[in-house]
Structures are given as structure tokens and as C-alpha cells.
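Novice: Residues per chain are reported as follows:
Protein chains: 2
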Amino acid sequence: MASNIPNHAPSKLAMVPFVSVEHMMKLVNGIGVKQFLSELSVYVEEDFLRWELFDKAPRLATHSKEGVIELMPTSDGEVYGFKYVNGHPKNMSEGFQTVTAFGVLANVSTGYPMLLSEMTILTALRTAATSALAAKYLAPQGSRCMAMIGNGAQCEFQALAFKEILGINVFRLYDIDATATDKASRNLSGKGITIVKCKSSQEAVEGAQIITTCTADKQYATILTDNMVGTGVHINAIGGDCPGKTELHRDILLRSDIFVEYAPQTRIEGEIQKLPQDHAVTELWQVMTDSSEGRRTDNQITLFDSVGFAIEDFSALRYVRDQLAHTTNYIDLDMIADPDDPRDLFGMVMRAEDEWQATIC
Amino acid sequence: MASNIPNHAPSKLAMVPFVSVEHMMKLVNGIGVKQFLSELSVYVEEDFLRWELFDKAPRLATHSKEGVIELMPTSDGEVYGFKYVNGHPKNMSEGFQTVTAFGVLANVSTGYPMLLSEMTILTALRTAATSALAAKYLAPQGSRCMAMIGNGAQCEFQALAFKEILGINVFRLYDIDATATDKASRNLSGKGITIVKCKSSQEAVEGAQIITTCTADKQYATILTDNMVGTGVHINAIGGDCPGKTELHRDILLRSDIFVEYAPQTRIEGEIQKLPQDHAVTELWQVMTDSSEGRRTDNQITLFDSVGFAIEDFSALRYVRDQLAHTTNYIDLDMIADPDDPRDLFGMVMRAEDEWQATIC
Numbered sequence: 028m029a030s031n032i033p034n035h036a037p038s039k040l041a042m043v044p045f046v047s048v049e050h051m052m053k054l055v056n057g058i059g060v061k062q063f064l065s066e067l068s069v070y071v072e073e074d075f076l077r078w079e080l081f082d083k084a085p086r087l088a089t090h091s092k093e094g095v096i097e098l099m100p101t102s103d104g105e106v107y108g109f110k111y112v113n114g115h116p117k118n119m120s121e122g123f124q125t126v127t128a129f130g131v132l133a134n135v136s137t138g139y140p141m142l143l144s145e146m147t148i149l150t151a152l153r154t155a156a157t158s159a160l161a162a163k164y165l166a167p168q169g170s171r172c173m174a175m176i177g178n179g180a181q182c183e184f185q186a187l188a189f190k191e192i193l194g195i196n197v198f199r200l201y202d203i204d205a206t207a208t209d210k211a212s213r214n215l216s217g218k219g220i221t222i223v224k225c226k227s228s229q230e231a232v233e234g235a236q237i238i239t240t241c242t243a244d245k246q247y248a249t250i251l252t253d254n255m256v257g258t259g260v261h262i263n264a265i266g267g268d269c270p271g272k273t274e275l276h277r278d279i280l281l282r283s284d285i286f287v288e289y290a291p292q293t294r295i296e297g298e299i300q301k302l303p304q305d306h307a308v309t310e311l312w313q314v315m316t317d318s319s320e321g322r323r324t325d326n327q328i329t330l331f332d333s334v335g336f337a338i339e340d341f342s343a344l345r346y347v348r349d350q351l352a353h354t355t356n357y358i359d360l361d362m363i364a365d366p367d368d369p370r371d372l373f374g375m376v377m378r379a380e381d382e383w384q385a386t387i388c
Numbered sequence: 028m029a030s031n032i033p034n035h036a037p038s039k040l041a042m043v044p045f046v047s048v049e050h051m052m053k054l055v056n057g058i059g060v061k062q063f064l065s066e067l068s069v070y071v072e073e074d075f076l077r078w079e080l081f082d083k084a085p086r087l088a089t090h091s092k093e094g095v096i097e098l099m100p101t102s103d104g105e106v107y108g109f110k111y112v113n114g115h116p117k118n119m120s121e122g123f124q125t126v127t128a129f130g131v132l133a134n135v136s137t138g139y140p141m142l143l144s145e146m147t148i149l150t151a152l153r154t155a156a157t158s159a160l161a162a163k164y165l166a167p168q169g170s171r172c173m174a175m176i177g178n179g180a181q182c183e184f185q186a187l188a189f190k191e192i193l194g195i196n197v198f199r200l201y202d203i204d205a206t207a208t209d210k211a212s213r214n215l216s217g218k219g220i221t222i223v224k225c226k227s228s229q230e231a232v233e234g235a236q237i238i239t240t241c242t243a244d245k246q247y248a249t250i251l252t253d254n255m256v257g258t259g260v261h262i263n264a265i266g267g268d269c270p271g272k273t274e275l276h277r278d279i280l281l282r283s284d285i286f287v288e289y290a291p292q293t294r295i296e297g298e299i300q301k302l303p304q305d306h307a308v309t310e311l312w313q314v315m316t317d318s319s320e321g322r323r324t325d326n327q328i329t330l331f332d333s334v335g336f337a338i339e340d341f342s343a344l345r346y347v348r349d350q351l352a353h354t355t356n357y358i359d360l361d362m363i364a365d366p367d368d369p370r371d372l373f374g375m376v377m378r379a380e381d382e383w384q385a386t387i388c
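Residue numbers (our numbering), protein chains in the order written: chain A, 28 to 388; chain B, 28 to 388.
No lab work stands behind these hints: they were computed from the structure.
What you were told as hints is all true, and nothing was included just to trick you.
Copies of the same chain look alike in the list, so a pair counts if it fits in one copy or across any two.
Quick list of in silico lysine-lysine cross-link-like pairs, DSBU-like style, CA-CA up to 35 Å: (1) LYS83 with LYS117; (2) LYS39 with LYS218; (3) LYS61 with LYS39; (4) LYS92 with LYS39; (5) LYS117 with LYS39; (6) LYS224 with LYS61; (7) LYS226 with LYS61; (8) LYS83 with LYS301; (9) LYS53 with LYS39.
For reference, chain A alone in the conformation it holds in the complex:
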């Protein structure tokens, strides 16, 4: 072919910026993971503060015996976003990721996609940023020590988000698999924080003002029993995030003031799936907008029953989109057919052939 730029080259309108996994890693490292988490939490906070604007629906899940594939759409009226995400617990034993994700932002006014991005890494970042943001509103003042039970893929992101956004500087790690704790400890060395490797959950929670549970087993597990949770702590429960998967003993729930992202979804997927449908919970945005109280007393146990919600993904995609103006870490994809005459899609296809033939001759 004589030319790489034939006459039918797609117009600017037809191009959608795509952030690959490699580009996302470069973007994160270029900005710095701590700054990325901190800036991302501001985007999440901005969107929680205008929560009522958003179209909200529980995610659209397609279940199979091996796992689930979900679509999570939302819109603020100007921008539409959705995430594709799977959850396949058996994947790890076959050399695949348990969770992979990608997402799209689109212009509500035209319906045109404006960003396609990997979201496996981005979801890990937004989950951590959201946890730390919730803790900023709910954790005891002056918290400095966090227990982290479950030291898998989410662990280091959580630690750095809590360091950056709340100033937590002591992390007490425990995992049933000591190699996971070693991995997290190694990855977090030299980050200006103190890591304490613990031999049990009980040991991990000693002296912690915040307890993060982030385990992966798909079952009704009891990562925390009632006696392990002292008065005044904030629990950041990440791992109980689908039907049949919880981490906390029911008695802990009954002693806690419970905060959630979006109650209709959390009642299906969160720790509170074990409670009656009318058990009182507060949505986090209500605390942020001062329409509900967050932490009232030093003795109160606050529980952020986090399952991950579409608006957080929207915030994360919005943040990535806003980086595109000053980064080269994306490529343009020719995703949208853009004929000169919108009624002449067929002609566009046929003429493309003629033009290729012409460039060959």
C-alpha cells in the first residue's frame, strides 16, 4: 500500500482515546501513586457531593456457575459512564485474574464515547481512594494505626490511600497466607510507613483505630468476631461485596452505625445482606452533604460497608479523562463510523474499498 493515510482516514469525531494497561501504569507512575489516590479521592468526593444528580441503578449482573459479569452504568446528565467488570473466584487457580475491568465515558448530548480505559488497575485505585475518603468522614479523629486483614491485590492501594488522605502511618497486616503479607510488606517498604506483620487477626487489630477487612473468599466468612472489635473503631469492610460473601460477624453489625454507598445495592451485596431489609443505614453522601450525621462520639463503632458503586468508577474515569490533556499515555481508537453524509453509511463502506484499491495501484 502506497500510503498509511488513505483519503477515508477517520475524522477526529470518530476517534476515542484509549488508555491501555501499560498506559495506565505509566500514568499512575508519572503522577505518583499517592498523588493519584489523593486527587482521585477529590473527584470521588465531588461526585458524592452531587449524588442526587446521578442516574443510579443496581448493577446489571449476568451470573454463571463460574462467576459474574456486570455492567455498571451511571450518568450525571452531561457525562455517561459504565464499567464492565467480571468476578471469577476460580480464575486464580487457572492463571487468570479474579477481577478484570474496563470502562467507557460518553457525552450524553451526542451519545459519542469519549474515553475507553482499562479499569483493573483503576478500580483498585478508586476502591482505595473511596475507603480513605469514607474514613476521613467516619474514623476517629487522630487515627494513626490501621489493621489490614487480607493482604491481597487491594492491600497496598488501601495503605497508601490511608497514608496520603488520613495520615495513617502504622499498618498491622495479617493474611491467612503469610506470603501475601510478605508481598504487601515488601511492596510498602520505603514508603515512609511502619509495617507490622501479625500472626493473627486478633493481633492485627490491637491498638488500631481503623480495621480494614479485604479478603477474597466467596463465602459467609467471619474475619472479625464480635470480641475483636473495641469501642470507637472505624471498620472499613471491603471484601463482603456480593451475595453470599461477607466478612463480619452479625453481632458486629448490630453494634455499629452502618454507612453505605447506595443502600439498594448494598442490601443485596454488602455485609448488611445478613440484616433485615429495613435495618437503618446511612448513605455516605448524606454525611458528606451534612444531611446525616457521621461519627457522633468517641465510643461509636462506625462501619463503612463498601461494595463499590458505579459513581466511583465514573469519578475515576472522569479523573483519567482530565489527565489526557497533559499526557501522551493513550492512543486514539477508530471506534465510531463517521461518514460525510450520515445517511450514506453504505457508500462509506464501498468507497473505502475503492480508495484502498487506488492506494495499492
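For this one, chain A is given, so just place chain B on it according to the hints.
Specialist: Same frame as chain A, but now just chain B:
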């Protein structure tokens, strides 16, 4: 940078084939548009024949005052697919497409995406292939002449599908905009068919055994009035495909045996939105599997009230996926994070930075 292939180059597992608009045009022209339509109709037929296997749901629509953005997922238990599609009638006046689309296939067993494809062109092809497939079961035996009212983006695809799959060789075209008819007539010249340009819908339907309506106005339009529809014809109604957008006078519906893709969706979006919710309709797959009758008599008016359903998009994506083995018309996208140790997503991100630094030095 010293190398374009750093050590952290993504594994095969992390790669998702992407068919761009340009690649789709090359694929269509390489196969030939008529053969593509014919082969695609076989894929649609295969999936309609195993209809009951599929997860089915009405599409998930996000409406705004300017238009709609929809996600259309489905799964056959082994493969999952969804389409993103927008519909913005006002776009054309601003130089944008009314409808753009892209789609994804994924492996149900792992949740991993296996194909990302443009679907603006592909949707036009699957719509035409499905129309012709329905007519194969419903139109009068020996049909040779089709009226086409509305000569926009879908027109030529319909004509070639009906030529290839049913042997229709006379097309009588009418559009309120004569330039659209001229455009379609020009695009269809030299394709071994007879084109008759008509000055009215009434003229277009004269002598036609099949009437295709494919207009774009978003309103309750009356493209066909009752007196224009003689006994025995098959009506292929494409343009009435969302709430508030229909093409046929209600009396025609009452004289017709009505066939639909998926009744719960068509009752919302199709011509039958004007009829009571319990008006008898037959799903097309039931005719294909002989569980319901199609055309019974020469005098019967059959109406395919087509709105487009997720399974047709699934078939189309499946067809494109099956072409990948013998085409170079795609690129691999690095869409899925694939760390060596699935629990070490953070380490993957951090080490990527080290490796880039190493390749720079």
C-alpha cells in the same frame, strides 16, 4: 527508550482483539458485503434456533432530553456479549451520527473480554440480515419485488440482504427526500438488481410482495396507511423502534399477524406499543423452531415488527470473532491487567516503572 518491548510486555491473556471502523470496512469488503450478509444471517438463525438458551432482558436505557444511551447484554451460557449504542435524532443536524455503536464478547467461564468491535457498520449489517431472515420465514413464496420506504443509512444493506437471502431483484424506492433515493439508487447500481425510483409511498408499494419501512423521524408517523397494504404482503417494519416512534397506521396492525423478536421489548419499542399489552404476537424464534406457525395462507398479511435485539448483536459479534482466525483486520489491545501473581497488582504497577527506568538508562 531503548526498546519497544519492555520486560513487562503484557501476556497473550491480557490482549483483546479490536476491530476498528477501518478494519470492519476492510473485513466487509474482503468477504464481500453480500456474502457477509448471507453468512451473518446464518449466525443469527443459529442463535434464534437456540433462543431459549439465552439470558434475555430488555435493554438498559439511559434517557436524556437529547437522546438515549443503551447497553444490550445477553449470554448463551458460554459466551457473553453486549452492545453500547446511542440514539440521538438531533445529531445529524450537528454533523454527528444519529446512531453509533460498539460491542464486546467475553468468555463466560473466565469473564475475560475476547473481542471489542465497532458496531455502527456491524449493526446496519445485522439489522438487514435479520430482516431478510425473518422474511425467509414469513414473506410470500416467490417474492421478487420489495418496496423500500425510507432510503437512509439502512436502505442499501436491506436491499442487498433481500437480494442475497431471498432472491428479491426489484426494489421500488421512495423517500420524502429525493436525494436519499438518488443516493441509494446510485449505491445499488451495478449490483444485478432493478431499482425503480418512486414519487410516493403509494407508488412504491405497487406490485410489491414485501414492504420495508425504514424511516428515521422520532414521532408517531404514518408511513403506511391501511389502504396501501394489500392482502398477502409481508411488511418489514424497521423504523418504529423506540417509545413514541412508529410508522404504521394502527388498522394495519389489526389486519396483520405480528411477529417480533422479543415481545417484552417490542411492546415497549415497536409498532405494537400502540396495541393493548395482551395483543397476540409470535416471537420469530418460535416460527423458526416450528413451535408456532408463520405464514399460513396467501392472503395473510405478515408483519415483522423489528426493533433490534441483543441476540442479533451477539450473533454479529460471534461472526466477526470467527473471522479473526483468517484475517489481519484487527489489532490487539492491552485491556486487561495480567500480573504474574494475581494478588500483586500493586507490584506489577510499581515494577513497570522500574523496568521503564531501566530501559531508558
